[in-house]
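*Asks:* Going line by line, the protein sequences match chains W and V. Our numbering numbers the first residue of the first sequence as 1 and each following residue consecutively. Our numbering numbers the first residue of the second sequence as 1 and each following residue consecutively.
Hints are computed from structural coordinates only; laboratory data are not their basis. Given the structure is predicted, the values throughout are model-derived calculations rather than measurements. Just so you know, even glycine gets a beta-carbon here, dropped at the ideal spot from N, CA and C. Accuracy of the hints is not assured; some may be wrong.
[Claimed, not checked] Estimated spans, in silico, between C-beta atoms of each pair: (1) V:K159 with W:L215: 25 to 35 Å; (2) W:N74 with V:L215: 27 to 37 Å; (3) V:K227 with W:K250: 31 to 41 Å; (4) W:N160 with V:A60: 45 to 55 Å; (5) V:Q92 with W:E148: 44 to 54 Å; (6) V:I198 with W:Q253: 55 to 65 Å; (7) V:V214 with W:N160: 27 to 37 Å; (8) W:N74 with V:S65: 49 to 59 Å; (9) V:V214 with W:Q253: 21 to 31 Å; (10) V:R178 with W:E148: 23 to 33 Å; (11) V:N251 with W:L158: 13 to 23 Å.
There are 2 protein chains.
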Amino acid sequence: MKYDPERLFLVSNDDGIFSPGIRNLAEVASQYGEVQIIAPDRQQSAVGHSITVMDPLRVARFEMSNSMVGHAVNGTPADCVKLAHDQLLDRQPTMILSGINHGSNAGINIIYSGTVSAATEGTVLGYPSIAVSCTDFQEDADLTGCREAVERIIEYVLKNGLPKGVTLNLNVPPGPLRGIRWTRQGDSRYVEQYQRRIDPHDRPYYWITGRFEVLDQGEDLDVNVLKQGLASVTPIQYDLTSYKVYEEVKNRQL
Amino acid sequence: MKYDPERLFLVSNDDGIFSPGIRNLAEVASQYGEVQIIAPDRQQSAVGHSITVMDPLRVARFEMSNSMVGHAVNGTPADCVKLAHDQLLDRQPTMILSGINHGSNAGINIIYSGTVSAATEGTVLGYPSIAVSCTDFQEDADLTGCREAVERIIEYVLKNGLPKGVTLNLNVPPGPLRGIRWTRQGDSRYVEQYQRRIDPHDRPYYWITGRFEVLDQGEDLDVNVLKQGLASVTPIQYDLTSYKVYEEVKNRQL
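Please model the complete structure; the sequences and the hints are all you need to start from.
*Replies:* So this is what it looks like as structure tokens:
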């Protein structure tokens with residue numbers, strides 16, 4: 001699918017504009033059309049769908065190591081997408097891409113993910129949007145397979161579109177691509193423990209620590225597909241209603 | 001349903017431990033069992049499901065205006081619930097309550113809500129959890145109806161429990177309670193615009209502004225039930241999979 005200058009891709013992330021992941025994502029997108037990079041000016045992991053309401057936002061021009069130009073915002077991933085949509089882009093984007101995150105966003109962890117929230121915000125604003133993560137959190141991870149998976153998903157979305165209210169959440173193992181599977185979100189999560197320490201003034205403080213626990217059975221779950229070394233793509237939505245429970249309880253007296 | 005000292009209610013919020021809303025929620029819960037208040041030490045609106053991973057957390061004892069004692073945490077609503085579960089509570093809570101938020105959490109806005117995220121975190125950790133918001137954002141709003149609605153929902157949950165993975169999101173208009181309806185999450189949202197200003201050094205900055213737009217048809221949607229002056233309770237889930245779309249696409253080649 002060849003380059004079309006009419007297309008505009010907005011690229012954001014949560015690791016910050018200086019991360020190798022966003023550079024790779026922008027390079028892949030630039031094969032298909034114009035790219036605008038608008039991303040947080042610093043690491044914003046685990047910010048979830050946070051937005052900045054009590055402080056003003058600022059925007060700075062940023063030259064990337066591959067000579068692309070981006071804009072760095074002193075806000076969250078969702079802020080970047082909102083501000084891009086309302087103020088910074090001179091036309092409507094064809095698609096919004098978030099990532100490539102350095103680290104997996106699968107299982108329950110996606111509710112904490114800034115990467116996913118930038119893409120979800122794109123969906124809220126009405127644009128086809130994709131979150132991309134590499135399961136290797138090292139900054140020098142081999143993103144070959146990620147780049148190929150992103151190409152395939154961009155081409156899929158350019159061809160088929162995405163239903164209203166639905167975002168794609170793509171996770172890819174490092175190294176060459178061995179295949180992509182459609183998946184459901186698993187129930188795996190970080191099991192957190194806090195480490196209690198005492199500061200030099202004899203006061204306690206707490207550091208979060210955690211280990212990822214795969215709790216799921218089911219071959220169609222994101223976490224298990226990733227364990228097999230395949231890439232996983234999950235259609236997710238921001239309508240959080242539990243329809244199953246709603247149907248069961250809706251006539252119960254309160 | 002009388003007081004039972006075996007019950008423990010963890011109460012948190014996103015407006016901060018000093019807010020009238022959390023005091024009211026703690027008072028209602030204290031009719032049913034022991035209450036522990038563990039909440040952010042400051043306003044945390046719109047933080048979404050953010051958690052603190054790059055800084056340590058601290059906890060301070062806080063005497064509330066109704067002579068209850070709470071603990072203030074320098075973190076987000078989700079941090080408070082995680083830390084309470086792992087470090088601060090001496091036994092497992094019966095239920096987790098978040099709120100009473102000063103302002104509605106209905107429609108799409110719940111994805112940005114710190115109030116909802118504290119309750120969702122409780123659900124992730126396996127506790128029956130309820131988020132409560134008053135649709136009036138004034139701090140001196142009449143919470144009579146809120147308090148009564150919380151009583152009814154606490155009694156409902158003590159009697160029926162909640163299915164795994166499901167949180168209740170309760171919104172109540174100010175004033176006396178006129179009834180509670182089971183609802184679905186609507187598609188209404190804040191339509192944001194940024195106001196561009198120039199600072200004294202000639203540099204631009206952007207303030208978020210917005211107006212709430214009711215986009216929904218449907219009598220069973222949270223926003224429309226609230227418009228009728230009734231309280232709304234929506235069962236929500238943290239499994240974000242769009243099952244409808246998943247079923248449609250799962251056999252498509254990628």
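*Asks:* Does the structure break any of the earlier hints, and which numbers would those be?
*Replies:* 3, 8 and 10
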